[in-house]
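**Student:** If you want the building blocks of each chain, they are given just below.
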Amino acid sequence: MDAFITQQIDAYYLRIIIIIGINIILALGLNLTTGVTGQLSMGHAGFMSLGAYTAAILSLHTTLPFVVVLIAGAMAAALFGIIIGIPSLRLEGDYLAIVTIGFAEIVRVFFLNFELGGKAVGLAGIPQQTTFSIVFLIMMVVIFLNITLLNSHTGKALYSIRENEIAAQACGVNTTQLKILCFAMGAFLGGLGGGLYASYMYYISPGEFGFMKSIEILNMVVLGGMGSIPGTILGVIILTIAPEFLRVVADYRLLFYGAMLVILMIFRPNGLMGDIRWYDIKKRLPKKEVKKCQS
Amino acid sequence: MPILKLSDISMEFGGLRALDSVDLSIEEHQIYGIIGPNGAGKTTIFNIITGIYKPVKGNLFFKDINLKNYPPYKIARMGIGRTFQNIRLFQKLSVIDNLRVSAHGISKVNIIANMLGFPNSRREEKQIMLKSGQLLEMLGLYEKGMELADSLSYGEQRRLEIARALALEPALLLLDEPAAGMNASEKIELIDTIKSIRDNMNLTILLVEHDMSLVMNICESIAVLDYGRKIADGDPASIRNDEKVISSYLGMGA
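Chains as they are written, first to last, in my numbering: chain A, 1 to 295; chain B, 1001 to 1254.
One chain only, chain B, in its complex shape (with noise of 0.2 angstroms):
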């Protein structure tokens, strides 16, 4: 049974149409890329699986649960992490307590027990603080613990979306554009992680990436958009051999 189902997805904005009758199927346990020109309707799916926008058409179940009828926060509790592909991170909040936000979306413990300092919400905090420096340190950010996030750099800041969206403790992760404005060997070391944090954690990654390298090198399962449509789906090696995926994304000799 797949984690993630989309079937005959829509989605207009005014008289455009980002998105045209969108199926897709992702399999527990895989790294799922999707790839396509600028404009092509990538990130429209990521705002619509996280509940952001609602599709004009279609449905979309995640482990059977119709996402279309919840809102944001609660299909991120569901276990829908998120990457942004402009950052968004908390400036003004210590990396440490970015992903304490996190643990607050799936936190047991009500505002009154916290104000007061109960045993639970004490034990709770310890718990959170525990793990989330685990995270931290799985995503060598663990000396940046109390630094503000705008101090760190750009592919720090950009680990660091990866670890709150992890915080979430997510079945699902959703990868917006991971590697954009990174160097050659800082894309390698990103590959290694996504690939160690979908082993270790049991996750189901999706992924939505331009650089080509990455993308046939991670991910299992590959859908092409162009205008809104899916031309193509299938492994990394029937894509890169889809002539219609050659003739309007790829380009010759890729």
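Looking at chain A on its own, in the form it has when it is part of the complex (with noise of 0.2 angstroms):
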């Protein structure tokens, strides 16, 4: 299958779309806590580094099949994800905000002085085991598994907490307990998609899951339309795609991400697909003429 797909794409385009592919997983991951919760998490480089290193790591040193070692380093990021979360989301307000970016940075730091991590240099060599198919399916069952949950009295249940927390426990909904599985969800999904990351680049360093890393994948989300799916997928897309068309211009890229942010921001403040629901579409199609019989 996979030799069939690089001998019938372009080795570049193939590329885009395997990291597309990649950033869907992440993105999907943040969008449940921050998307779906409301709970602001900037810190999802971190989890995404605790799984590329994890899955470097256990591909360098041990013969464990690829699958155990995503798992294992998707474990790893979401074990750290319960660890802050319990502190920070019994807490009302913006401190998840503040405590992800600190934890974001402790990780990098942390790896920056990693003996096994290869320090600044990062680790080179990590076998390529991350294929189009393997990153097609993960992403397939992330998302079906996303819908599932989302449409579910427990999906909306998780909205609620962003709508209104009190309504929320006044409706028995156990908004603690419920914040901090869906961080660690989410940061499940940033370490899997961290080590798929890891696996498809042969090369990680430190330097690449730093702040910016974290407001690309944070983007995504807003751009797409917070809590929504499509959306989010949608806003992948468009913030993996665009950079390419941007190399022209190299070093002014974040300019335009930044105007792109604040035109959107003015005329879609709920994000391209955030107040798009399909019962509203479905409802300005015109209705099927109902033949009438004649009598």
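Worth flagging that the hints you see were computed from the coordinates, not collected in a lab.
On a predicted model such as this, the values are computed, not experimentally measured, just so you know.
For each residue, glycine too, the CB sits at the ideal point set by N, CA and C.
It is possible that some hints are incorrect.
[Stated by the list, open to error] Each computed BS3-like pair below joins lysine-lysine, with the alpha-carbon atoms no more than 27 angstroms apart:
1) Lys1144(B) - Lys282(A)
2) Lys1092(B) - Lys282(A)
3) Lys1092(B) - Lys283(A)
4) Lys1195(B) - Lys1131(B)
5) Lys1144(B) - Lys1131(B)
6) Lys1063(B) - Lys1144(B)
[Claimed, not checked] Now the stretches of chain A that chain B is said to cover, found in silico as 3 or more residues with beta-carbon under 8 angstroms:
7) 150-160
8) 166-175
Reconstruct the complex from the two isolated chains, following the hints.
**Tutor:** Written out as structure tokens, the structure reads:
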């Protein structure tokens, strides 16, 4: 399957497609925390690097199968998600944003000094086991589970935390538990994406998982529409492809990024697809004419 | 045996004593009203019953369970539903999804089953949809089921809050100024709704209200608060003639 695809698709495009797939996994993770439950997390790159380093070190030093390595990376990230989620999610307000920024920095500095992770030089020669079909498969599973979860009553309870936490509690929603659970799931997906990324890139270094990476993923979620799965996917596609087109203006790329977000916030404050529902689209479509029986 | 019993409840905010040794006893199947001037502590009582505030003194029992030791979500799951004075709906969720949040509160299916769409979760989901539909029909919101909550009119939003509280299958329903901002005909409709809810769903209703005609009309028992103290309680007729109540709240000729 992969051999066929590498034959058919140009390597450059294939690379972009695979990166889009990995970014979708990452962004859907952040979407759960920030988009759905409304807890601003600005350290997604921290979870990504935990997953990336765990997976990279395991695949360099052991002969474990790739799936196990990926899950180990994701579990490591989820574990840290729970550890920092429990104290900070019990509080109301934006504590989580500050805690997660700090956490991501700590993780980055840790890997800068981590012997096994190659310190500032990073890790090279990671076996490339991430292929198109693996990314595609995992992405589809992640999207599917996201859709079923968010359409269930538990999903609605998650949205209710964002909408009004006091009312959610009055409706019997255990908000603290769900927030921590959601944060852990987001971290899990962050670690999963990180593992895939490490194994795709051959090489990782602490610098790649800095604050800008967190903001980049956050941008994807915000651009697409907080809490919307199709929105997040659209946001990922746009923001992964946009830099390729903006290569011409290389150094000014971030300027364009910024301008794009400002324009977006003016015209679509809820993101591109944040307030679009299938039900509303269906209502606007012309209704099929009902054939009346002639009496 | 009373379904809800508050004994000697006191609440303080900083130095301000919002409630001072309040006793209340609400019998099953009653419609019980709490009235009083602004700032008398009516909403504070609701917030204490639902666990948002913990009282500084006193105990409160719901069917023999001391609510003091439970967080708000557990109190809600025990069967105490409430509405809010300033409407707190889940604005960006559809009307039916607002009810599904409450259904989640009392759901027995865990998150994994929900995520993977196990048969038991699907079955439950179908039941929830059916039940939510019935509730919406009862409150005249069925047609609006798929609209977003923030697109509803004010009166509809108030009714949706009641529907959402009922989706918890409560034994006790707390209504915080249900008639606020309603016109005369809407109020008459509301009176019918509250009575039919109580009779059809076998509930006890505790309500806080400023509108005397509504309170005198539907409440079987009334407590009057003033500056955090209960100054009177009893049936509507005796409250109407109580001198303390007249001087502090009702005024002459009420």
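**Student:** If a hint holds in the structure, say so; if it does not, say that too.
**Tutor:** Verification of the supplied hints:
{"no.": "1", "hint": "Lys1144(B) - Lys282(A)", "verdict": "15 angstroms, holds"}
{"no.": "2", "hint": "Lys1092(B) - Lys282(A)", "verdict": "18 angstroms, holds"}
{"no.": "3", "hint": "Lys1092(B) - Lys283(A)", "verdict": "18 angstroms, holds"}
{"no.": "4", "hint": "Lys1195(B) - Lys1131(B)", "verdict": "20 angstroms, holds"}
{"no.": "5", "hint": "Lys1144(B) - Lys1131(B)", "verdict": "15 angstroms, holds"}
{"no.": "6", "hint": "Lys1063(B) - Lys1144(B)", "verdict": "36 angstroms, violated"}
{"no.": "7", "hint": "150-160", "verdict": "holds (count 8)"}
{"no.": "8", "hint": "166-175", "verdict": "holds (count 10)"}
Consistency note: the structure conflicts with earlier hint 6 alone.
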